[in-house]
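There are 6 protein chains.
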Amino acid sequence: MFFNRKELQFEAKPDKPDPIFAKQLQEVIGGQFGEMSVAMQYLFQGWNTRGNEKYKDLLMDTGTEELGHIEMLATMVAQLLEGAPVYEQEKAASDPVIGAIMGGMNPHHAIVSGLGATPENSAGVPWSGGYIIASGNLLADFRANVTAESQGRLQVARLYSMTDDKGVKDLLSFLLARDTMHQNQWIAAIRDLEEKEGSVIVPSTVPPEWEATEYSHTLYNFSEGEDSAQLPWMSGNAPDGHPFKYGQPEAFGQKPVLKPGPLESHDTLPEDKLKG
Amino acid sequence: MFFNRKELQFEAKPDKPDPIFAKQLQEVIGGQFGEMSVAMQYLFQGWNTRGNEKYKDLLMDTGTEELGHIEMLATMVAQLLEGAPVYEQEKAASDPVIGAIMGGMNPHHAIVSGLGATPENSAGVPWSGGYIIASGNLLADFRANVTAESQGRLQVARLYSMTDDKGVKDLLSFLLARDTMHQNQWIAAIRDLEEKEGSVIVPSTVPPEWEATEYSHTLYNFSEGEDSAQLPWMSGNAPDGHPFKYGQPEAFGQKPVLKPGPLESHDTLPEDKLKG
Amino acid sequence: MFFNRKELQFEAKPDKPDPIFAKQLQEVIGGQFGEMSVAMQYLFQGWNTRGNEKYKDLLMDTGTEELGHIEMLATMVAQLLEGAPVYEQEKAASDPVIGAIMGGMNPHHAIVSGLGATPENSAGVPWSGGYIIASGNLLADFRANVTAESQGRLQVARLYSMTDDKGVKDLLSFLLARDTMHQNQWIAAIRDLEEKEGSVIVPSTVPPEWEATEYSHTLYNFSEGEDSAQLPWMSGNAPDGHPFKYGQPEAFGQKPVLKPGPLESHDTLPEDKLKG
Amino acid sequence: MFFNRKELQFEAKPDKPDPIFAKQLQEVIGGQFGEMSVAMQYLFQGWNTRGNEKYKDLLMDTGTEELGHIEMLATMVAQLLEGAPVYEQEKAASDPVIGAIMGGMNPHHAIVSGLGATPENSAGVPWSGGYIIASGNLLADFRANVTAESQGRLQVARLYSMTDDKGVKDLLSFLLARDTMHQNQWIAAIRDLEEKEGSVIVPSTVPPEWEATEYSHTLYNFSEGEDSAQLPWMSGNAPDGHPFKYGQPEAFGQKPVLKPGPLESHDTLPEDKLKG
Amino acid sequence: MFFNRKELQFEAKPDKPDPIFAKQLQEVIGGQFGEMSVAMQYLFQGWNTRGNEKYKDLLMDTGTEELGHIEMLATMVAQLLEGAPVYEQEKAASDPVIGAIMGGMNPHHAIVSGLGATPENSAGVPWSGGYIIASGNLLADFRANVTAESQGRLQVARLYSMTDDKGVKDLLSFLLARDTMHQNQWIAAIRDLEEKEGSVIVPSTVPPEWEATEYSHTLYNFSEGEDSAQLPWMSGNAPDGHPFKYGQPEAFGQKPVLKPGPLESHDTLPEDKLKG
Amino acid sequence: MFFNRKELQFEAKPDKPDPIFAKQLQEVIGGQFGEMSVAMQYLFQGWNTRGNEKYKDLLMDTGTEELGHIEMLATMVAQLLEGAPVYEQEKAASDPVIGAIMGGMNPHHAIVSGLGATPENSAGVPWSGGYIIASGNLLADFRANVTAESQGRLQVARLYSMTDDKGVKDLLSFLLARDTMHQNQWIAAIRDLEEKEGSVIVPSTVPPEWEATEYSHTLYNFSEGEDSAQLPWMSGNAPDGHPFKYGQPEAFGQKPVLKPGPLESHDTLPEDKLKG
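Chains as they are written, first to last, in the numbering used here: chain A, 37 to 312; chain B, 37 to 312; chain C, 37 to 312; chain D, 37 to 312; chain E, 37 to 312; chain F, 37 to 312.
The hints are simulated quantities; they were obtained by calculation from the structure and are not laboratory data. Computed from a predicted model, the values in this text were never measured in an experiment. Where hints are given, some of them may not hold.
One copy or any two copies: either way a pair holds, since identical chains are not told apart in the list.
Calculated pairs, SDA-like style, for lysine to any residue (alpha carbon to alpha carbon, straight line, at most 20 Å) [what the hints assert, rightly or not]:
{"no.": "1", "residue 1": "K90", "residue 2": "D200"}
{"no.": "2", "residue 1": "K295", "residue 2": "E231"}
{"no.": "3", "residue 1": "K127", "residue 2": "P53"}
{"no.": "4", "residue 1": "K52", "residue 2": "E124"}
{"no.": "5", "residue 1": "K295", "residue 2": "G277"}
{"no.": "6", "residue 1": "K295", "residue 2": "P243"}
{"no.": "7", "residue 1": "K295", "residue 2": "N273"}
{"no.": "8", "residue 1": "K295", "residue 2": "P306"}
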């Protein structure tokens, strides 16, 4: 069960309206790595956790915190839209700044949500459940989590340079900090699990006889030039302890030739069966 | 520029048709972590790389290899559909096995592609450009890459248990091996970049004064119970060198109250302005 | 069967081109509550109606009218794009107004449709069949219809303030009126069905023994503060005739603990089964 | 800010595994009217509320409760998948029941989530932010809310007939009850707002001179036959107090003829400009 | 304006219910080349037509007919679902045929639409406005139309073999015939326009000096082997009158090296700028 | 298997940065007819080809070339974003040109990709596997291919007028030329297959007794006016050799009346069964 407290986790007050920045800020609400994604990702991972109660608790702690981040950002967007010349068509004709605002903002903020945040990214594309990752394998999923926090913090850092509003920057500062914590915690958890599982390769439960291990440590040179062979770590051992190899691609497979489809598929018949 | 060689990278020949497994196998072609995703992800990362030519080469090597993996799997799906009782309606009435096949397969394999693979996942949802990640920050992106290879290898391992076709299992063995290599290489590259950047936190280019660092190392207990505080690593230093803290959530922000929208937004008026 | 008459239901002639407003106007063509949605929604509801021929006729009347509304708006968008400086790159360099138009319009109007309307919303996101609602239960669906007409009329009202083009405003006036009619008719139909079914709760066909009725009239206070308890109607009877109650949330359920997955799921093993 | 309590709001324990029903149950998690939709819809409406604090509180109460409903259903799905013959390929060959299960379940439960719930509907389509409605106009939005609860309760009632698992039916009983409460509360709130705004037509803030009121009360007979004219309420007053009218469609508009596009659009030239 | 006549264009009566075939048949309602696509495609093309009234009329004729095809197919799907054992859970336990039906049908037909058609394809994916094509260039669009009718007729032919229901087959016979007519008409229109425009290359309005014509007639051998050079027409003239050439790919471009991003992009710095 | 050569197929160097044009150019990377679509479309068609090795080779040649076109355009977009005032918020306040750029560019180029191309169209909508066409019937698919090259070349021609950057125009010239070649080759291949199959109607494998041929050559006048009957080719033979006919629509089908749903569907009961 969830409960809500009315205060925000952190102050969310812009100094002044800015409808174009409101559009940009939507990326960290409803984008691929926005707060909707991390909230739902951690909660689904938590709900699906089997037999690792401490990690389930960590996931519920963090997922629940992220719900509150959506709240802060949605509140910020609503305030960035207050008092902006969104509907001032008559002034737009004579004032190019107002005209540029009407062309540059997300039309949904004016027409659809009536000056409120939307579950969309900065281009106006709706958030998708297809963004989130919850596989039941914690090591695999924590790698997704550190990815999400890395991409998310990167986006916050970019947004920080795209506004000079002190109130907005304060909130972004707080988000930078929380993303630092979350990167730290998922990296620590990954190290813990890699050690406990005795392997860095996910999933660690694949029996060796399932795998064609002769292909497990070779980098194939599929693009012209051998720059990648010069990477310093290529001459040492791979993280799983076996030496890396470098090789030219070979074809280990057949030249594929498919059988004709049945007549009922109405595929093109083979050349020698065509009438002409 | 790209070139194509007719032979497959590895044998892709099933022992017998199996249209239901053809549907399952689509996950690793057109799913969130299928070969279309990793191919396009590595290539876009490569094309967007700025000033790190060895890593660009590594990305082009691996992305180009993955194009060949789509090829193998598409060929496998087409063969799994050959000779299957896809259109045998009359038998379906009397033979429950044929009936179950017609209900359990992806209808697109019969109706849309005419016994060929489709750019879809195992539920028939089309592949989306929204799956891929290419941010310009290599450390952030390589974390996405190790995530993709971890989720991908996990899915291949699950598929391995869902078929007893020797030919299919051989191809899955090869994919397990290549995913092992790719996990190895992205982990090695991550370690290399973390060392070179002198930081595990992405992006490492954020000046400290941008960040509200007092919130950067605390796990807030947003869910009932303190199991997460017992995680052994919580009592030590975070990966970035500062000690982890554990805390009860506080509200650092305001209770948000939004100003009324302008009349032109046709939002509901505040309670005291309503006529009633 | 459908027939088309060449004349539009209402005049659709803008006074002058305005490519940025053409983009905004797309919301009521291909947005969640645009004319494509209501047309398809009413027609699918009509085609699926079982045993209520008068309501089927009402649905076909209204859905067919909405097809003509798409027609008017598509014609309006095409005219808003006529003669606009869409391709005048050379002037754009020196004329900031032209530059702002090229940045603020929907690029699809220039590149994809060649100065015509598209089946997209105001942010350029394609219309989706996922918007429409047709459940076979007329009372449930008529509530969806009055929702769609309410959101739709709201959006038209907002668009009215975003243009000062007399011709466009005339068409929007007509749409405001038709949305008034359609709200009126669906509200009247809802009242009719609620009375005939003898219940305001959808679906009315659920036997009482299926429902845990002790939870059917309580508002649980899941967010801090008891403002919601002060709503005047909370102290009276609910629309279905039973008194409302106000309560603090309790946990009636278990603390969930899932069993480990089978080995073949390659989920993370429970903590005590991990090697480390 | 949000907090999570470990216990579920209501018991969620199936009597036995049933992977095909796990797939069906996804509809009320990640479908158009699933719990993800209502949770996010009420929270976004709450965050965007301007000047109606009691209704904001009601929205936060209900939206927060719905987060806990996702939790119950996700837990139920995970348990429905436990112990099911998901990976038993060898038995599938000889046992048609196992074969039918492998064909009829959502492949994502086996391959992607490792026996856990996913943010998808019953057909495996990811949840979309495009489903939710939050316009800033409370009356418009509460109509959307009663729609969502009506469609949602209808779907729960249908699912109730599709399983004979006592544990699942218990949870569905609870959901039927909560959906009854939520229909009740939104209907009561709608009546309250309609009275306060002095109008049943949304938005009530449109000045009469904006609207072509001569078209506001006529049902046009766009489909053959006049069954709809026989609806009893058609002969009375509309809910906004004016009499309904019934009429044959007229064309009030022009036959549209568009001007040729500029040469740079490379549209087809008008017939008399083509070379041939 | 559109009008609806109650009779269907053609009989749509199945001999018996078949919920699995109802799912398959959805492909030609809401799939990429279903009737929703062609209806909307022809109508948008018609509404956007500039200066070619006869073709506008042809588009309106055909698009309007296709609206009636959605109607026939939606009616057919609703009847295929009547009386089917969709909710007979108790029998499903003991009767494997009923079990297979519940696993093999589209769950939306049971849970969402209540035994009615949905605006989805055969895999349950909603129809998308992204499928349709309307560019303003009639020759380009008529090529899309003949494509749609070709893919559509192909799908109808495949569905014909997947059912032995006489009533369904009758409707499919009619659709085969109408798709023949529509292929005929678009091919005839293409020939007419190619002749009038004096060119088979779209758009014909590109001045020769815009095009690097030295690359306009060469097939580059980007895949191993020269089978494609043996195609008989490769040794003759191209349809635009110039001879085809066959060549080995050359790189006419640079090896791309991108400049570093600005610090504010927080991209990875070039190798020599990294600290390590 | 695929291989990559570092040089681009053609020079891709803009004269100067232009972030708004970078957004427009995304259409031909990740739009419905962008290079991602044609590359994947030709490759899937090639992989699914059954028994026509020369055409398989042609598909692999062309699909592989298109991979290199994505590469050129992605490189061009990255360069158009270099040095642009993307993050210069402070200047934006005082310089309306910079303000218009920040409002008019794709926010993803600043926030998500860090000055790199994305797999999206010009409105920021992600590329979808739903765009591509690969049916197993070569004649049907080659019609899709000539459609894609026609729409694609049309879009390139429009983009040519929307920039005055010499470097960009050079690349667009090359693309115009390659699209000319590809239109030529698919038209030639269509003519070849039509002749070999002995029919212009796809699929040619439908037995005449499946088709209700009396409806195969009539244009029905579903829209007011008979302009379409005046098309010169309407008075001659259709491309398949039979004469075209022109007719008024008739209803050959029933007025559909559906049976009531079962109680478990909780559909609205027929009027005479309702309580009221």
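Hint check results:
1. K90 - D200: neither (41 Å within a copy, 35 Å between copies)
2. K295 - E231: neither (49 Å within a copy, 23 Å between copies)
3. K127 - P53: both (17 Å within a copy, 17 Å between copies)
4. K52 - E124: both (18 Å within a copy, 18 Å between copies)
5. K295 - G277: For K295 and G277, neither the intra-copy (44 Å) nor the inter-copy (33 Å) Cα distance is at most 20 Å.
6. K295 - P243: neither (34 Å within a copy, 22 Å between copies)
7. K295 - N273: neither (44 Å within a copy, 32 Å between copies)
8. K295 - P306: within (9 Å within a copy, 47 Å between copies)
Checked against the numbered hints listed earlier, the structure breaks hints 1, 2, 5, 6 and 7; every other hint is satisfied.
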